[in-house]
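Here the protein sequences come in this chain order: A and B.
Just so you know, we're using this note's numbering here: the first sequence kicks off at 1 and counts up by one.
Just so you know, we're using this note's numbering here: the second sequence kicks off at 1 and counts up by one.
In short, the hints are calculated from the structure, not lab data.
Treat each hint with caution, since some may be false.
Unchecked claim - Straight-line C-alpha distance at most 25 Å; calculated DSS-like pairs for lysine-lysine:
(1) A:573 with A:131
(2) B:160 with A:363
(3) A:338 with B:190
(4) B:190 with A:365
(5) B:373 with A:739
(6) A:157 with B:373
(7) A:365 with B:222
(8) A:126 with B:179
(9) A:345 with B:194
(10) A:397 with B:190
(11) B:201 with A:53
(12) B:177 with A:365
(13) B:217 with A:157
(14) A:126 with B:177
(15) A:157 with B:231
(16) B:231 with B:160
(17) A:363 with B:156
(18) A:216 with B:156
(19) A:122 with A:254
(20) B:201 with A:95
(21) B:194 with A:391
(22) A:363 with B:194
(23) A:365 with A:122
(24) A:157 with B:190
(25) B:156 with A:391
(26) A:95 with A:53
(27) B:177 with B:220
(28) B:373 with A:641
(29) B:201 with A:345
(30) A:391 with A:446
(31) A:363 with B:222
(32) B:190 with A:345
(33) A:131 with B:216
(34) A:59 with A:74
(35) A:338 with B:194
(36) A:126 with B:217
(37) A:365 with B:179
(38) B:177 with A:338
Predicted model only: the values in this text are computed from it and were never measured.
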Amino acid sequence: MKSILYFLVCVNFLSATDEPVFTFINNYCTKCHDEDLQKGDLRLDIPQEELLKDLNLLKNIVNVLSKNEMPPAKKKQPSPEEKDSVIKILTQTVKDNQVVGLLKRITREEYNHIVNDTFNVKLDLKEMLPKDHSEHGFNRSGSHQTLSPYAMMQYIKAANYVSQSLFPDRSTTFQTKTYGVPDFNGTQRGDYKTNDAFVLTTNYPWRSNLHVPNLKIEEFGEYHFEYVLKILNSDNQQIIGVNIGDARFPTNFKKVMQLPFKTSDQKLTFDLTLNAGDEVSLTFDSSKTWSVDSKPTMYHGEKLSFEKLTVTGPHKINLPKKIQAITSNTAQLDTVEKKIKAWVKALCFNDISDAEVDDVAEKIKALNLSELEQRRMILEFVLCSPYFLYKNEDRVKLNELDFSKRLASFLWNSIPDDQLMSHASAVYQNNTALENEVKRMLLDPKSDRFIEDFIQQWLSTDRIEVLAPDMRVYKTIHSLQIKAMAKEPVYFFKEILHHNLSMMNFIDSDFIMCNDQLSEFYHVGKVEGHDFKRVKLENGHLRGGLISQAGFLKQTSNAFETSPIQRGVWILKNIYGEEMIPPANVQIEEPDIRGAKNLKEIMSLHQKSNECYRCHSKIDPFGLALEHFDPVGQYRNEYRKVTIIDTEKVAFENSPIDSKAKLKNGQMVSDMASLKKVLSEDHEKIIKNILSRLYSYSKARELCYQDHEIINEIYHTLKPQNFLFKDALLAMVTHPCFKDR
Amino acid sequence: MNRKSILKSAGVTLLLPNLLSAGAILTPPKKRLFTVVNHLSFYQPALIPKTEGRNYEQTALLSPFKDLPLSIFSQLDNPGVQLGNGHTPSVGILSGFFNVLDRKNKISFDQIAANHLGTETRFESICLQAGTNLNFSQVCWNRDGLPVYQESSPEKAFQKLFGIEQSQAIQNQRLIKEKSILDMVSAQAKVFQKSLNQEDKQKLDEYFTSIREVEKKLLKEKYWVNRDKPKTNYKPENFPILALDHYLQTMLDIAKLALQTDSTRVVTLQIPFWEYFELEDKKDHYHHLSHHGMKEDKVTKLLNIESMIMSKISKLYQDFCEIKMGSSSLLDETTCLITAPMGSANAHDFNRLPAIIAGGNYKHGRNIFTNGKPINSLYLRLLKDLDVPINSFNHEKSTLEIS
Chain A
1 MKSILYFLVC VNFLSATDEP VFTFINNYCT KCHDEDLQKG DLRLDIPQEE
51 LLKDLNLLKN IVNVLSKNEM PPAKKKQPSP EEKDSVIKIL TQTVKDNQVV
101 GLLKRITREE YNHIVNDTFN VKLDLKEMLP KDHSEHGFNR SGSHQTLSPY
151 AMMQYIKAAN YVSQSLFPDR STTFQTKTYG VPDFNGTQRG DYKTNDAFVL
201 TTNYPWRSNL HVPNLKIEEF GEYHFEYVLK ILNSDNQQII GVNIGDARFP
251 TNFKKVMQLP FKTSDQKLTF DLTLNAGDEV SLTFDSSKTW SVDSKPTMYH
301 GEKLSFEKLT VTGPHKINLP KKIQAITSNT AQLDTVEKKI KAWVKALCFN
351 DISDAEVDDV AEKIKALNLS ELEQRRMILE FVLCSPYFLY KNEDRVKLNE
401 LDFSKRLASF LWNSIPDDQL MSHASAVYQN NTALENEVKR MLLDPKSDRF
451 IEDFIQQWLS TDRIEVLAPD MRVYKTIHSL QIKAMAKEPV YFFKEILHHN
501 LSMMNFIDSD FIMCNDQLSE FYHVGKVEGH DFKRVKLENG HLRGGLISQA
551 GFLKQTSNAF ETSPIQRGVW ILKNIYGEEM IPPANVQIEE PDIRGAKNLK
601 EIMSLHQKSN ECYRCHSKID PFGLALEHFD PVGQYRNEYR KVTIIDTEKV
651 AFENSPIDSK AKLKNGQMVS DMASLKKVLS EDHEKIIKNI LSRLYSYSKA
701 RELCYQDHEI INEIYHTLKP QNFLFKDALL AMVTHPCFKD R
Chain B
1 MNRKSILKSA GVTLLLPNLL SAGAILTPPK KRLFTVVNHL SFYQPALIPK
51 TEGRNYEQTA LLSPFKDLPL SIFSQLDNPG VQLGNGHTPS VGILSGFFNV
101 LDRKNKISFD QIAANHLGTE TRFESICLQA GTNLNFSQVC WNRDGLPVYQ
151 ESSPEKAFQK LFGIEQSQAI QNQRLIKEKS ILDMVSAQAK VFQKSLNQED
201 KQKLDEYFTS IREVEKKLLK EKYWVNRDKP KTNYKPENFP ILALDHYLQT
251 MLDIAKLALQ TDSTRVVTLQ IPFWEYFELE DKKDHYHHLS HHGMKEDKVT
301 KLLNIESMIM SKISKLYQDF CEIKMGSSSL LDETTCLITA PMGSANAHDF
351 NRLPAIIAGG NYKHGRNIFT NGKPINSLYL RLLKDLDVPI NSFNHEKSTL
401 EIS
């Protein structure tokens, strides 16, 4: 009965009969949130129309009321019924008036993959386009995207680059070239030549490298490289970096791959798509030393000895059948109009009206272009067209084509392949067909793109490699270990997804994923090789789960100190899914948290102010509990305060760590184990958060109020089996709401 | 920040350039920026006066500037710098940031100025380097964090300013094609828009706005393609590639020409990492001298080089003074900065940096010990005074006062 009444009240949200809400606000809110006090910079004594139009404000009000954060404990409290009714009314108002899934554009990652998948090439287009930002939520969500004039310029430039590379004026001349030791060059820092070998000994950044000045890439294309080399003084696998850039000046190098190499391999082979003028060089990334003080010839450590290089290319681009049908000389596409229609269909999958085609054709014909120029022009036009750049989904429910496009965008960051297109109807109408297709798509290596993109945006893994650990303090940390740390969450997620393991593993697991570098770092026994493998952990091991991963612990620290606050925020934001917004009007003074001072004491100052304590009561204990993990994620027994003496020397001062802290509910945490226990108890919130992230990513929009019910539904269907992850993903895509915008 | 302001700041608001004729049209004075970065820095005991404030005592390296008012800052901190290998943090001098493990950076302050001041000139900025060593030489970084190409060849720089590159016909063809594409997609977008709901229609506005702005940019490009480049009698001379003084002089000449012809209003010149060089027929090793270890003879030789550098720069400033632009001089209209990425090249100390400012219509004359203030505060002050509408540079909101 009550709900019908409130529904009637809410239908016209400008109605002056929203009495319960305004009575409530006048009774419990406006004493502090009025013109005079404006606590937290917020006024609630504003006209009704204004208040009800601000959906974000309403959401905020519902949020703080539901969590009992407002009114503050010491102030007059509403009755549970009063509170509930207001929450209900405001929730309904938001639901009725919010915009769901604003117009989405393809991200630059998608742009890159779509072009490469369509034409079966490996162009590097990402850096030509401006970055899509994702500070809050995913960058594929329309409400976070913008399209600036600069981006438009770059789309034009990128389209031109694509058409010129794929359809150049001259046909390419395939060549085979071989180079020997006399052609090899380095920087004479740690490298040397003998009669029959060029030897690299060091990994001095931006210096040590092997390049071939005579190797000139004259035209765009794919080139095959084959180096004959062996490893000296070691039986271990080595990692060789492949870089592009002017080799005389290695600070310009762009690392494009890191390849494992074993002596038994004898040859290092790889393919690179290069532009005219590109230069390729190799670096010895797994070298254990940066410089060789004594003569490099006398160095007894591992070395790489190069003998020969063979380069072939450019190799002919094998355009897929779909494109060949447009580009080959068939009589069927004899008019400009037909060509335009064909290109639009091939890239955007939809048809455009004859009127539109005629308009474009007229403009192209007016330019008097050759046939090849015409083809390039049409392609460029399509690549800049709103039909290509935007995803025009139906306002309420997606059609078959858009549903398939959504699946491909979600799981592959790209467009549907021929097989998915041929099953588009079945997949739309039949859940079994849908499940089978999704399983196939997950097995396709293209699904790695989704996992890498999702993890990078969810856990901000790109920050892991931003800071290099200070060599004076962390003498044994190798850059390959840092790189492995950045990949660990991806492999972990992949393992849980592909093997349909429980999502509880994100909180704590009895295994980790690591390679040789990372297993050494974590001291979990020896893993062979550069590839990541599952390693079982003994009972009670510190590691396991997301919050014990070195990458997280490192990215939330700076060069010498950890930041418990950053760690607490990371956990609350990414694991719990809480919105973390710093308070508006507070001058936050940078606390000096260098080792020796009692950090706990300093952070307890947060308790002095209600404004601070609201969030810090949650943040601080989580961070403090992790203080036994140093700035690179290793376990430590004591704080080590670092004082810099000069560019070579530092001094340490040790002091004890007090990592005990009390949560808001009175529970104590003090270390990784107790913290994981708390997370375990909160698993409902956490699992729902992970499901929500996946949902938001897959639908390319922020969650709205209705979605929380769907997440709840999915959560409960997964509960009996303990939240198996692949099942979760399948439950999500087969849910009827997945077809909704 | 609402969408429109994001677009405006990212886009190009175009005013077709005013005719450049000295004094003929009353136009408000233009603002310009000229930055010199000396990679191997300066021997600070001979650069920074010992007394603070006005009436500071002259130093050996500043004596060439005795008739030119300067503002001298020292002890500046570069907040983004970490211990890098050798010289690597030097690439962060103008951006106040360096990411050691990646080849990317954040936008440098001169490029922010270029984005803003460059809308009326053929070139947004000209970045030069007086030396061939490109290692650690990127000091100019664009909005995507990628290096802006720094021209090390005087011939190519000269050609860019005064020579004919691609034929006008080819360039015009390209512009016509690009305009055509914009027309086609614009027409398509109008159709596309019809199928959208209200909120999505508004979102698509970005697309239309961007197209319009790019059209303006193409118009601007077309304007410059079909407009002759300025003429000059100057000819860059041939000089031995190791002749540091000739190299520097030529690049300074080119910088002057670039500003004088209003080809650009932002010029950044780096004297990069120099190893072997020739000066007055003597061959030596600049890098080795910069590691003087306090040895007197090395310091003397080092000061020889640095005096030559300062002498040439001060002569350039003198020339700026004598070049009339309307009712003011080029020096008044140009904020001139000299800085270096190391406080002491001898110790590879990337903090305690010096910054010397001339021109720009400031009331110069003070020597200021900043005691570790961030250099980004100075950059922010300069940008604000160049009328760039920003409130912070690389997270720095405070500014250092100049006059």
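Quick rundown of the hints versus the structure:
1. For a cut-off of 25 Å, the pair hint linking residue 573 of chain A to residue 131 of chain A stands: about 22 Å separates their Cα positions.
2. A distance of roughly 34 Å separates the Cα atoms of residue 160 of chain B and residue 363 of chain A; the hinted pair therefore is violated under the 25 Å criterion.
3. Of the pairs offered as hints, the one joining residue 338 of chain A and residue 190 of chain B holds, with about 22 Å between alpha carbons and a cut-off of 25 Å not exceeded.
4. Simply put, residue 190 of chain B and residue 365 of chain A have alpha-carbon atoms about 21 Å apart, close enough for the 25 Å limit, and the pair holds.
5. Proposed proximity of residue 373 of chain B and residue 739 of chain A is contradicted: the alpha carbons are some 56 Å apart, above 25 Å.
6. The hinted pair formed by residue 157 of chain A and residue 373 of chain B fails the criterion: a straight-line CA distance of about 41 Å is larger than 25 Å.
7. A threshold of 25 Å between alpha carbons decides the hint, and for residue 365 of chain A with residue 222 of chain B the separation of about 22 Å falls inside it, so the pair holds.
8. Taken as a hint, the residue 126 of chain A and residue 179 of chain B pair is honoured in the structure, with Cα atoms around 24 Å apart against an allowance of 25 Å.
9. Restraint check for residue 345 of chain A and residue 194 of chain B: the C-alpha separation of about 20 Å stays at or below 25 Å, so the hint holds.
10. Our distance criterion of 25 Å between C-alpha atoms is met by residue 397 of chain A and residue 190 of chain B, whose separation comes to about 23 Å.
11. Between the alpha carbons of residue 201 of chain B and residue 53 of chain A the distance comes to roughly 20 Å, so the proposed pair stays at or under 25 Å and holds.
12. With a CA separation close to 12 Å, the supplied pair residue 177 of chain B and residue 365 of chain A stays within the 25 Å bound.
13. This hinted pair checks out: residue 217 of chain B and residue 157 of chain A have alpha carbons roughly 13 Å apart, not beyond 25 Å.
14. Restraint check for residue 126 of chain A and residue 177 of chain B: the C-alpha separation of about 24 Å stays at or below 25 Å, so the hint holds.
15. For the hint linking residue 157 of chain A to residue 231 of chain B, the alpha-carbon distance of about 31 Å lies beyond 25 Å, and the restraint is violated.
16. As the CA atoms of residue 231 of chain B and residue 160 of chain B are separated by approximately 12 Å, the hinted pair is consistent with the 25 Å bound.
17. Taking the CA atoms of residue 363 of chain A and residue 156 of chain B, the gap is near 38 Å; set against the 25 Å cutoff, the hint is violated.
18. Restraint check for residue 216 of chain A and residue 156 of chain B: the C-alpha separation of about 22 Å stays at or below 25 Å, so the hint holds.
19. Among the hinted pairs, residue 122 of chain A with residue 254 of chain A is consistent with the structure: their alpha-carbon atoms are about 16 Å apart, no more than 25 Å.
20. Distance hint between residue 201 of chain B and residue 95 of chain A is fulfilled; the C-alpha atoms sit about 21 Å from each other, no more than 25 Å.
21. Between residue 194 of chain B and residue 391 of chain A, the direct Cα distance comes to roughly 14 Å. Compliance with the 25 Å bound is thereby established for this hinted pair.
22. Under the criterion of a C-alpha separation no larger than 25 Å, the hint pairing residue 363 of chain A with residue 194 of chain B is consistent with the structure, at around 22 Å.
23. A C-alpha spacing of about 31 Å is found between residue 365 of chain A and residue 122 of chain A, which places the hinted pair above 25 Å, so the restraint is violated.
24. The hinted pair formed by residue 157 of chain A and residue 190 of chain B meets the criterion: a straight-line CA distance of about 23 Å does not exceed 25 Å.
25. A threshold of 25 Å between alpha carbons decides the hint, and for residue 156 of chain B with residue 391 of chain A the separation of about 45 Å lies outside it, so the pair is violated.
26. Of the supplied pair hints, the one linking residue 95 of chain A and residue 53 of chain A holds, its CA atoms being roughly 12 Å apart against a limit of 25 Å.
27. Between residue 177 of chain B and residue 220 of chain B the CA atoms are separated by roughly 15 Å; this keeps the pair inside 25 Å, and the hint holds.
28. At roughly 24 Å between alpha-carbon atoms, residue 373 of chain B and residue 641 of chain A fall within 25 Å of each other, so this suggested pair holds.
29. Our distance criterion of 25 Å between C-alpha atoms is met by residue 201 of chain B and residue 345 of chain A, whose separation comes to about 23 Å.
30. About 20 Å separates the Cα atoms of residue 391 of chain A and residue 446 of chain A, which keeps this hinted pair within 25 Å; it holds.
31. Between residue 363 of chain A and residue 222 of chain B the alpha-carbon distance is near 20 Å, which keeps this suggested pair within the 25 Å criterion.
32. Between residue 190 of chain B and residue 345 of chain A the CA atoms are separated by roughly 19 Å; this keeps the pair inside 25 Å, and the hint holds.
33. With a C-alpha separation of about 23 Å, the suggested pairing of residue 131 of chain A with residue 216 of chain B holds against the 25 Å cut-off.
34. Straight-line distance between C-alpha atoms of residue 59 of chain A and residue 74 of chain A comes to about 23 Å, which keeps the hinted pair within the 25 Å bound.
35. With a C-alpha separation of about 24 Å, the suggested pairing of residue 338 of chain A with residue 194 of chain B holds against the 25 Å cut-off.
36. Straight-line distance between C-alpha atoms of residue 126 of chain A and residue 217 of chain B comes to about 23 Å, which keeps the hinted pair within the 25 Å bound.
37. Of the pairs offered as hints, the one joining residue 365 of chain A and residue 179 of chain B holds, with about 14 Å between alpha carbons and a cut-off of 25 Å not exceeded.
38. For the hint pairing residue 177 of chain B with residue 338 of chain A, the CA-to-CA distance comes to about 21 Å; that is within 25 Å, so the pair holds.
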